Amino acid sequence: MSAKKTAIPAVVKELWVENRHGLHARPVAKLTSLAQQFDAEITLEKDGRRVDARNMLAVLTLDCPQGTRLVLKATGPQAREAASVIVSLFARKFEEK
Amino acid sequence: MSLQNIILEGIPVSPGIILGRAKVLRGREGYQVSPRLLYTEDEVAQELQRLRRAVDQTAGELTNHLAELPSELKEHSHILETHLIILRDPMIFQETQRLIREQHLNSEKALYQAYHKIKELFQNIQDPYIRARIQDVEEVYRRLLGHLAGNASNRTLSFSEPVIIIAKDLSPNETTQMSGSPVLGFVTERGGRTSHTAIIAQSLEIPAVVGLDNATLEIGSGETIIVDGLTGRVILNPDAQTLKKYEARKKEFETFRAEVAQGSALPAVTTDGHAQRIYANIELPEEVSLALKYGADGIGLYRTEFLYLRLRQLPSEENLFENYKAVVEAMAPREVTIRTLDIGGDKFLSPLQYPMEMNPALGLRAIRFSLKEQNIFRTQLKAILRASAFGRIRVMFPLISSVREIREARGLLEEVKKELKSQDLAFNERLPVGAMIEVPAAVTLASLLAQEVDFFSIGTNDLIQYALAIDRVNKQVADMYQPLHPAVMRMIRDVVQAGRAARISVSMCGEMAGDPLYLPVLLGLGVEEFSMNATAIPVIKRVIRMISLKEAREIARQALRKATVEEINDSVIQDMDRRFPEIFRFGRHLAAL
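Those protein sequences? They're chains S and D, same order as listed. With our numbering applied, the first sequence closes on residue 97, and no number is skipped along the way. With our numbering applied, the second sequence closes on residue 593, and no number is skipped along the way.
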């Protein structure tokens, strides 16, 4: 039997979309450009559908209006930093007025 | 004989009325997407290169547009930035390359397939606001097709004679290119209140109706039409009588708009001679020019959060000082009211230190946060004090709910003053200090709080939310967010009375202060200083100049007698309609921009 790979533990966070119009173009643009800055694989999952957080159109088509619950998973060297920055972006409601 | 006075209804997004010739823009979908199969690997390699070149050219074009965006449209730069991201999105770029490589399709056909796959995904989106973003993908798709065809994707958008533009949709670049041409108004099939067309029409001050299905099919180029940006109506083939009616209405609105604009520099004095101070709310130093343009007598609310949020770290004292100083100097000799930090630590400090709160509206934020993180607070107070040497500054503390908070905050302010003295730095020794009244507890304690401060500022957005226990962002209860609720009216009355008894001024800086409908009531309740979005100032000033304080008091007295918000609304609306028919018909459209 082959040796088990040492799995890098994934950071898992629960996110709630709180900003008024949900994940529309502007917040997703912020999210994707932020996600691209980290050395980490970041995915967002909604109702069993998982997409790459760095992919704008994929996140948009996830269809996340205000009140949506998302699960964020991050792996890789900067997983923890990436997750905390994204959590805070959601908490700040993407700095929308 | 053709039918006359055909009425089409859309969504009014920019006020005004226009009669003129239609020009229908077509051909946006006119690019030929002819499929062609590639036979050799060489052809595939060439095709991939062709695609990449078109992507680069499109990126260059978008970047140029970004750089050349006229200053009045700068705030829309995020739209172009979004297009740049979409251009390189894997679902467009990688997918098109994959189709070229694996299915040997030419670029146009591959791109078409990639785009349609995305379009299908978007059609399944429930949320209309997010679903509408397919417009951005479409815009990028068209541009790319244009570059593949060897030319820029835009239609030529200059006209010599004045026209009303009819289109399926307008992109920000297209509307920008029209800015030199005589465009009278816009009618589009797509879009909503927040669409690009709406925002741009507002800044150009021309009427626009959007969301009008089949506009490009129903309206023909060269036809005379009427666009009513107040009601959302578009009238085709109007008869003489209708034309006459709308010409009169147009004139009435334009006179009103011009009068409002001309009057923006005049002081806001009631007909019986009582002067009111009309201030602007700002968030960025750049907004000062807008405040001055619209005739603000000062800044009633300078929100100071952006530096903390933008830098994602704590701004330095120097950084804050420079910022506050710039605003004060630009507004001089007018007064500037700086509100200290009104957010919680979870918004910009490490999430470990400040975990996300379940109920942030009731959490550690505003003055509570400042009193807990005293170093952050001291730095801000120091910067505000130093800036007070350069003009008239007032400081106010948000979310005050007890006398203790005011005393603690003032105590820190005094300590900071001592520090500045020891450093020989100049500041205004008698910097006025205010309390924001936005928690019901502060209303109850108003007479005690009034002994501790130099002014009150009622923040109606939060006060209404806390008093009525309504989160107005929550659609289920949003209609219960009622500024004229009898409880809210009594609270405002009580705060004004407490302020008056202690001889301190009472201002108001929530959205309610900028709505012409509420103004007479607020004036009658005794509010003397109103702070609002700059664009609302001219209309508000005009209302004040048309009413006497005596009348306003009577309106407030009547309203206070009513037991329900419905009765109050009826009485206030009837009254406004009777006294200021044109403000009631036009003014709210102008103020709400």
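Since the hints were derived computationally from the structure, they do not count as laboratory data. Bear in mind that the values here come from a model prediction, so they are computed numbers and not experimental data. Keep in mind that a hint or two might mislead.
[As the list claims (entries may be wrong)] Listed next, with one range per pair, are the computed distances between beta-carbon atoms:
#, chain 1, residue 1, chain 2, residue 2, range
1, S, A10, D, R490, 51 to 59 Å
2, D, E68, S, G48, 57 to 65 Å
3, D, Q126, S, E95, 19 to 27 Å
4, D, R490, S, P77, 43 to 51 Å
5, S, S84, D, Y39, 36 to 44 Å
6, S, G67, D, R98, 29 to 37 Å
7, D, T255, S, G48, 26 to 34 Å
8, S, S84, D, D471, 44 to 52 Å
9, S, P77, D, N375, 47 to 55 Å
[What the hints assert, rightly or not] Cβ-to-Cβ under 10 Å is the rule here; a few derived chain S residues that face chain D:
#, residue
10, G22
11, H24
12, A25
13, V28
14, T32
15, E41
16, T43
17, N55
18, R69
19, V71
20, K73
21, T75
22, F90
23, A91
24, E95
[Claimed, not checked] Capping the alpha-carbon separation at 25 Å, the derived lysine-lysine pairs in PhoX-like fashion look like this:
#, chain 1, residue 1, chain 2, residue 2
25, S, K46, D, K325
26, D, K418, S, K30
27, D, K293, D, K245
28, S, K30, S, K73
29, S, K46, D, K372
30, S, K73, S, K13
31, D, K421, D, K325
32, S, K93, D, K372
33, D, K117, S, K30
Cβ atoms here follow ideal geometry from the backbone N, Cα and C, with glycine treated the same way.
These are the hints, each one checked on the structure:
1. Remark: the range hint 51 to 59 Å for S/A10 to D/R490 is upheld by a beta-carbon distance near 54 Å.
2. Checked against the hint of 57 to 65 Å, the pair D/E68 and S/G48 fails, with Cβ atoms roughly 45 Å apart.
3. In this structure, D/Q126 and S/E95 meet the distance hint of 19 to 27 Å, their C-beta atoms being roughly 25 Å apart.
4. Taking 43 to 51 Å as the suggested C-beta distance range, the pair D/R490 and S/P77 does not conform, at roughly 59 Å.
5. Here the CB-CB span from S/S84 to D/Y39 is close to 52 Å, at odds with the stated 36 to 44 Å.
6. Taking 29 to 37 Å as the suggested C-beta distance range, the pair S/G67 and D/R98 conforms, at roughly 35 Å.
7. With their beta carbons about 60 Å apart, D/T255 and S/G48 fall outside the hinted range of 26 to 34 Å.
8. Range check, S/S84 to D/D471: about 26 Å between beta-carbon atoms, so the 44 to 52 Å window is missed.
9. In this structure, S/P77 and D/N375 break the distance hint of 47 to 55 Å, their C-beta atoms being roughly 32 Å apart.
10. Because the smallest distance between the Cβ of S/G22 and any Cβ of chain D comes to about 6 Å, under 10 Å, the interface hint for this residue holds.
11. Checking S/H24 against chain D: minimum C-beta separation of about 5 Å stays under 10 Å; hint holds.
12. The beta carbon of S/A25 is positioned within 10 Å of a beta carbon in chain D (closest approach about 5 Å), and the interface hint is therefore held.
13. Using the Cβ-Cβ criterion of 10 Å, the hint placing S/V28 at the interface with chain D is satisfied: the shortest such distance is roughly 8 Å.
14. Proximity of S/T32 to chain D holds as hinted, the smallest CB-CB distance being about 6 Å (cut-off 10 Å).
15. The interface hint given for S/E41 is violated, since its Cβ lies 14 Å from the closest Cβ of chain D, which is over the 10 Å cut-off.
16. Using the Cβ-Cβ criterion of 10 Å, the hint placing S/T43 at the interface with chain D is not satisfied: the shortest such distance is roughly 14 Å.
17. Taken as an interface hint, S/N55 checks out: its beta carbon lies about 5 Å from the nearest beta carbon of chain D, inside 10 Å.
18. Using the Cβ-Cβ criterion of 10 Å, the hint placing S/R69 at the interface with chain D is not satisfied: the shortest such distance is roughly 14 Å.
19. For S/V71, the shortest C-beta to C-beta distance to chain D is roughly 15 Å, which exceeds 10 Å, and the interface hint is violated.
20. At a threshold of 10 Å, the smallest CB-CB gap from S/K73 to chain D is about 17 Å, leaving the interface hint violated.
21. Against a cut-off of 10 Å between C-beta atoms, the interface hint on S/T75 is violated, since the closest Cβ of chain D lies about 19 Å away.
22. Against a cut-off of 10 Å between C-beta atoms, the interface hint on S/F90 holds, since the closest Cβ of chain D lies about 8 Å away.
23. Residue-level restraint check for S/A91 holds (minimum Cβ-Cβ distance to chain D is 5 Å; threshold 10 Å).
24. Annotation: interface hint on S/E95 holds; nearest CB of chain D at approximately 6 Å, less than 10 Å.
25. Straight-line distance between C-alpha atoms of S/K46 and D/K325 comes to about 47 Å, which puts the hinted pair past the 25 Å bound.
26. Annotation: proposed proximity of D/K418 to S/K30 is violated, straight-line Cα distance about 43 Å (limit 25 Å).
27. The straight-line distance between the Cα atoms of D/K293 and D/K245 is roughly 33 Å, outside the 25 Å bound, and the hint therefore fails.
28. For a cut-off of 25 Å, the pair hint linking S/K30 to S/K73 stands: about 18 Å separates their Cα positions.
29. Only pairs whose Cα atoms come within 25 Å are accepted, and S/K46 paired with D/K372 is rejected, the gap being roughly 37 Å.
30. Taking the CA atoms of S/K73 and S/K13, the gap is near 7 Å; set against the 25 Å cutoff, the hint holds.
31. A hinted pair counts as satisfied when its Cα atoms are at most 25 Å apart, and D/K421 with D/K325 qualifies at roughly 19 Å.
32. As the CA atoms of S/K93 and D/K372 are separated by approximately 23 Å, the hinted pair is consistent with the 25 Å bound.
33. Between D/K117 and S/K30 the alpha-carbon distance is near 24 Å, which keeps this suggested pair within the 25 Å criterion.
The structure does not agree with the numbered hints 2, 4, 5, 7, 8, 9, 15, 16, 18, 19, 20, 21, 25, 26, 27 and 29 stated previously, though it agrees with the rest.
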